[in-house]
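Asks: Now for the letters of each chain:
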Amino acid sequence: MANKGRVIGDTLLKVENVSLGFGGVKALTDVSFDIRKGEIRAIIGPNGAGKSSMLNCINGFYHPSAGQITYKGQVRKQMRPHETAAGGIARTFQNIALFRGMSTLDNIMTGRLLKMKRGFWWHCLHWGPALREEIEHREHVERIIDFLEIQAIRKTPVGRLPYGLQKRVELGRALAAEPDLLLLDEPMAGMNLEEKEDMCRFILDVNEEFGTTIALIEHDMGVVMDISDRVVVLEYGRKIADGTPDEVKSDKRVIDAYLGVPHE
Amino acid sequence: MFYRESGQFKSAYAADQAMFPILQDRIGMAVILAVAFVGVPMVANDYFLSTLLIPFLIFALAAIGLNILTGYCGQLSLGTGGFMACGAFAAYKLATALPEMNIVVVFLLSGFVSAAVGVVFGVPSLRIKGFYLAVATLAAQFFLIWLFTKVPWFVNYSASGVISAPPRDVFGFYVTGIEATAEAKYIFCLSFVAVLALVAKNLVRGRVGRAWMAIRDMDIAAEIIGIKPLQTKLLAFAVSSFYCGVAGALWAFIYTSSVEALAFDINRSFQILFMIIIGGLGSILGSFLGAAFIVLLPIFLNVVPTAIGVPLSTAMIAHMEFMIFGALIIFFLIVEPHGLARLWQLGKEKLRLWPFPH
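Going down the list, the protein sequences come from chains A and B. Offset between the first sequence (1-based) and the numbering used here: plus 38. Offset between the second sequence (1-based) and the numbering used here: plus 526.
Bound conformation, chain A alone:
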């Protein structure tokens, strides 16, 4: 999959010697890897390996206790999630985090919030520049709705949607921000085969058509090996392997970690 005419660029995000602890529990120890512009980077590992903690460090929920994260060539200071969002990082969650009281359309429109610049007073009037802005962004959101094939549920409150569609809407909301780096936390968890295939297609299309860099956590090894360019494997908060899917697949420590075979 790696050579499809896509351009893999320079390093977009670099994680160096990151450690994270909660009291006595070490969630991450001395983890280093990089994400290059335009690639699909998978983070895998057994349960509790620290994958989600890694994503949370990247988008500012957690602050690493040691090490540093370099994003777009700049060493990042401690950042709040809304600051990383402004820097172009969007994400989806393992357990869906949609705005349940709002419709599909409003959820995705909310994703464009950072792009909307008109002030409070214009919005009081909902007229002139504010209205023009709403419609401009509606057009963009409609393109995402078309892309994800969710036209029929545009006005449905997301709480009423089935699980697979909710996951899709969440992807749409993340895409609405036109991110440079998209973090997907188990985008295919709990889906059936058909839904998984659809989701794979969307992820590949996003990557190819919009050139979005994607970092994803996934447990379905078939999917991971198929769609990702490079894979980093974590176990007990440490990096045990890093490389192309083929390299990782044949790595002794990875096989041990997954199958639990003791070292001889």
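In case anyone wonders, no lab produced these hints; they're calculated from the structure. Among the hints, erroneous ones may be present.
[Unchecked claim] With a Cα cut of at most 27 Å, we get these calculated BS3-like pairs of lysine-lysine:
(1) A:75 <-> A:115
(2) B:655 <-> B:536
(3) A:193 <-> B:876
(4) B:676 <-> B:619
(5) B:754 <-> A:110
(6) A:193 <-> B:874
(7) B:676 <-> A:155
(8) A:287 <-> A:115
Following the hints, position chain B against chain A.
Replies: Only chain B this time, still in chain A's reference frame:
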């Protein structure tokens, strides 16, 4: 049969995003406004206007305010009465200190004063949520009422602690004071409420409202998208308190003409909270329905038992009011958390299919 959107095609996003996308709704709203502005003042008598419609409008405005904070932004508040008092006393101080200032400006400014106070008491909302926030706003309620009762400067050193509205006019018609007619007061209130309700509707259907609802529904995901939690919550507190403040000023100047701080005690806060629970959390229409319900229920209880030959004592009515409110709130919380507004919406959805539901 008459209420359906079939045949009404939209070819622009602007039309699809309009406040009333369906023609029947637009006609309905126009009729309601025409009746409210022209019909009612022509037929209604003074009693009907000043004891029923004016309090209804003022309550609806306060309910919109609380609904913005609680229904849209998800921040439970019990300080509504305090913020109303803020508006009332700010309006009194402004009107007496600057007699030449137009009363509309006075009311708007007192709304802004109230908004500033709301922001101050909204700061804890970054750290505390739900019931704990309600307790923090309760502090605002008690502190503000205490302040207005204890500091004589707020009542211009009047011995009784009561403020009376000075006479003021708009376009030559007196809207406050003794000379004001019920019709003028009513039209003045109605204009204020209509314009502010429109502004509220505009806010909640645009970017600002979406940020509020995002914070309400899932604050973590909202932050990931780039919504700043503190700013968004404080804006909700400001707008909410602005509405409550203007409602308080209207209450003091138009409805009762003279008022003491205790008129805005904790019971007032609860009353408005009941309105939005019964009317519908997160709905501008619900604010009006809830206000109408709570204003009408006591009158209904007064009139109906007498009409059917079972006269009730005043004390009995007051107690029954409490019992019915209590029962209804439990009913709505269990059966329909989105209140009367949701029932109305369900009714409309049914009506679209009527009389052929299959």
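Asks: Against this structure, judge whether each hint is valid.
Replies: Verification of the supplied hints:
{"no.": "1", "hint": "A:75 <-> A:115", "result": "holds, 21 Å"}
{"no.": "2", "hint": "B:655 <-> B:536", "result": "violated, 41 Å"}
{"no.": "3", "hint": "A:193 <-> B:876", "result": "holds, 17 Å"}
{"no.": "4", "hint": "B:676 <-> B:619", "result": "holds, 16 Å"}
{"no.": "5", "hint": "B:754 <-> A:110", "result": "holds, 23 Å"}
{"no.": "6", "hint": "A:193 <-> B:874", "result": "holds, 16 Å"}
{"no.": "7", "hint": "B:676 <-> A:155", "result": "violated, 45 Å"}
{"no.": "8", "hint": "A:287 <-> A:115", "result": "violated, 35 Å"}
This entry does not satisfy hints 2, 7 and 8, going by the numbered hints stated previously.
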